[in-house]
Amino acid sequence: MRADSDSTLAAGSWQPGAGSAAGPYCGQTQSQIAVLAGVPRALLFGDVSSTMDVAHEAAAEGAPAGTLVLAEHQLSGRGRAGRVWTSQAGSGVWLTLIERPWEGVPVELLSLRAGLALAPVLDRFATAPVGIKWPNDLHVHGRKLGGILIEARWRDGRPEWVALGVGINVSAPADVEHAIGLSSGVMALDVLAAVVPALRRAAAKRGPLSSAELEAFALRDVAAGKRCSEPAPGTVRGINEQGELLVESVEGSSAYRSGSLVLENER
Numbered sequence: 041m042r043a044d045s046d047s048t049l050a051a052g053s054w055q056p057g058a059g060s061a062a063g064p065y066c067g068q069t070q071s072q073i074a075v076l077a078g079v080p081r082a083l084l085f086g087d088v089s090s091t092m093d094v095a096h097e098a099a100a101e102g103a104p105a106g107t108l109v110l111a112e113h114q115l116s117g118r119g120r121a122g123r124v125w126t127s128q129a130g131s132g133v134w135l136t137l138i139e140r141p142w143e144g145v146p147v148e149l150l151s152l153r154a155g156l157a158l159a160p161v162l163d164r165f166a167t168a169p170v171g172i173k174w175p176n177d178l179h180v181h182g183r184k185l186g187g188i189l190i191e192a193r194w195r196d197g198r199p200e201w202v203a204l205g206v207g208i209n210v211s212a213p214a215d216v217e218h219a220i221g222l223s224s225g226v227m228a229l230d231v232l233a234a235v236v237p238a239l240r241r242a243a244a245k246r247g248p249l250s251s252a253e254l255e256a257f258a259l260r261d262v263a264a265g266k267r268c269s270e271p272a273p274g275t276v277r278g279i280n281e282q283g284e285l286l287v288e289s290v291e292g293s294s295a296y297r298s299g300s301l302v303l304e305n306e307r
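To get our numbering, take the position in the sequence shown, counting from 1, and add 40.
No lab work stands behind these hints: they were computed from the structure.
Cβ atoms here follow ideal geometry from the backbone N, Cα and C, with glycine treated the same way.
Hints are not guaranteed to be accurate.
[Unchecked claim] Computed list of lysine-lysine pairs in DSS-like fashion (alpha-carbon distance at most 27 Å, straight line): (1) LYS266 / LYS173; (2) LYS184 / LYS173; (3) LYS245 / LYS184; (4) LYS184 / LYS266; (5) LYS245 / LYS173.
[As the list claims (entries may be wrong)] With beta-carbon atoms standing in for the labels, derived distance ranges: (6) ASP163 / GLY78: 18 to 26 Å; (7) SER224 / PRO248: 20 to 28 Å; (8) ALA129 / ASN280: 35 to 43 Å; (9) GLU304 / GLU191: 43 to 51 Å; (10) SER224 / SER71: 37 to 45 Å; (11) GLU191 / PRO80: 31 to 39 Å; (12) PRO248 / GLY197: 18 to 26 Å; (13) ARG241 / SER71: 19 to 27 Å; (14) GLY197 / GLY78: 28 to 36 Å; (15) LEU259 / GLU291: 38 to 46 Å; (16) GLU97 / PRO141: 16 to 24 Å; (17) SER89 / GLU270: 25 to 33 Å; (18) SER300 / SER251: 23 to 31 Å.
Model the full structure from these sequences, guided by the hints.
If you want it as structure tokens, here you go:
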């Protein structure tokens, strides 16, 4: 694990406990990345196991809200349910953002809000409008552009921090089926500058999904009206204000708070 040693991390602030200095990210130092992304702290890495793992380590040692963990390459980036996220150097934006204090909005709602915030800002970089697949995927032309992973940590029965992980393919990984990248010529720094402020706005929202958020999701829902096999056989009918997936079957309509959505044509 190699961390940039830029002076943005002043004496007394959290710093990575292992590794030697790495080069800048896309030619930018930690202080420059922090200004670009609009955050108080940026931790830059060349190779790292997972930005999510580093973010939890940093948060446990006192990293402040708004700390951004950014890597050129994740050796074992992860998605939901322990799935591996391919994240090669130079092919995408791989980051985790720490927010605290966190008032306990359900992880499922935060994941959906992150998707709702990121999709419109990514539209200008993509080859077509960005769609959302419940609960945490971003799609273009029916292929996966990016994913969101939210993890919270608790202490004494109360949430202490939340880590918001985002992976976006700037270019499509050749070894991953059904993946897609952004438009040719898009720069990772431009994506970063758009994504992080949107992610922070999403993390600041509270309460159930509003009618405006539900309408926005419906406009980008890539699964609405399609048949699914998971989380249960039926037809996808959108989401409710709690972020639960609605599936209609012959027995009626059921709401699912967590799990994976598998469409019949994905088998």
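### Violated constraints from the hint list, given by number and in increasing order
Violated hints (numbers, rising): 7, 9, 10, 11 and 15; every other hint is consistent with the structure.
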